[in-house]
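Participant: These protein sequence lines map, in sequence, to chains A and B.
Just so you know, we're using this note's numbering here: the first sequence kicks off at 1 and counts up by one.
Just so you know, we're using this note's numbering here: the second sequence kicks off at 1 and counts up by one.
There could be a bad hint or two in this list.
[Claimed, not checked] Now the stretches of chain A that chain B is said to cover, found in silico as 3 or more residues with beta-carbon under 8 Å:
#1 86-92
#2 206-219
[Unchecked claim] From the derived model, a few chain A residues whose C-beta atoms are all more than 10 Å from chain B:
#3 K6
#4 P31
#5 H41
#6 L72
#7 S77
#8 V97
#9 P111
#10 I168
#11 P169
#12 A181
[To be verified] So the derived list for chain B, only partly shown, Cβ under 8 Å to chain A, looks like this:
#13 T6
#14 T28
#15 H33
#16 F37
#17 A39
#18 G40
#19 L48
#20 A54
#21 S55
#22 R57
#23 L60
#24 D79
#25 P82
#26 P83
#27 N88
If you are wondering where the hints come from, they were derived from the structure by calculation, not from laboratory data.
Beta carbons: idealized from backbone N, C-alpha and C, even for Gly.
Here are the chains, one letter per residue:
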Amino acid sequence: MTHNLKTETISFVGNQGDEIEGYLALPTDVPSHGSIVVIHHLPGYDESTKEIARRFAANGYAALMPNLYHRLAPGASADDAAAIARNAGGVSDEQLVGDVQGAMHYLQALPTSNGKVACIGFCSGGRQSFLAGCRLPLDAIIDCYGAFVTTDSTPEFPLSVRGLLGEIPGITGQVLGLFGADDQYPSPEQNNELTVALTAAHKPHEFHTFEGAGHAFFNVDRPSYRPESAVEGWKIIMKFLNKTIGEHHVHLPN
Amino acid sequence: MCTYQTEVLTVRASGKTAAGWEAMTDATVYVDHPIHFSAGHALMIDFLNPNLGASARVGLEMDEKSARELAHSILKALDDAPPGILDN
């Protein structure tokens with residue numbers, strides 16, 4: 001069903017006590033709900049990712065997307081902020097984890113929260129979602145085609161991005177991975193490597209790879225969009241959330 | 001993928017932003033998902049002046065063929081210019 005919802009831009013406490021901006025989408029017709037932190041991709045705190053936050057609220061979950069570039073470009077348009085962030089070398093892993101932790105605490109403090117929190121990210125955010133799941137007590141972790149989860153970035157990259165296989169023991173939640181069979185970043189071989197590592201560490205997970213889809217198949221604004229894969233992917237995501245952070249949603253009496 | 005590979009340059013230039021002409025101090029060149037250009041990945045160039053804020057920016061997004069031809073044309077124009085005519 002589609003839930004009523006409200007959205008607002010909020011300020012919350014992120015990494016090292018910094019006040020940063022976030023986009024909050026809340027279902028308004030449920031007595032309690034699970035929550036999800038939505039991590040935007042490298043191109044920024046943009047409209048398409050805000051639409052994803054609203055989608056979660058329409059499905060009965062509170063969603064909060066931190067503006068990871070707020071410190072560098074407060075009030076700037078998403079594309080300008082992303083350009084400044086890239087010029088400055090991007091967002092460090094430590095800052096990302098601190099901001100997700102702040103978002104997690106904000107969501108858990110909502111009076112209607114059931115205490116459970118998931119995290120999701122797409123593209124660079126997919127790796128960051130997995131990273132957050134390794135370091136924070138999240139109940140569910142969703143990685144949509146995040147590159148550099150199993151491998152390090154090459155030395156010439158100005159932003160050092162490390163593989164995360166060594167951090168798998170820190171995972172406490174269930175993991176969902178959604179990938180395109182035609183993607184090379186991450187490649188199917190790398191996703192298999194990640195499956196093997198999660199299995200060896202006894203971490204509950206499920207991976208789905210979609211034939212005929214490459215990178216960013218969820219992105220409705222781009223030529224990479226693959227509607228059949230995206231529709232099926234969203235079904236899998238909602239089923240996974242219901243299992244990990246959900247509950248039976250009951251309409252509040254008028 | 002969201003690539004992390006970025007060429008960062010210090011430049012002496014001017015660019016026409018939404019607010020008018022501004023001095024540009026930095027440039028970044030990278031391949032990633034474009035914001036507007038209709039492609040999965042594109043070559044992007046940003047001219048920036050971070051000291052003036054995030055909106056002091058001129059951005060370009062283009063396909064590989066355009067980018068290579070642009071790079072070639074820039075070098076050709078510079079090579080063909082009379083020696084010493086450019087202020088350096």
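Participant: Run the structure past the numbered hints and jot down the numbers of the failing ones, going up.
Facilitator: Result: hints 5, 6, 7, 16, 23, 24, 25, 26 and 27 break, sorted rising.
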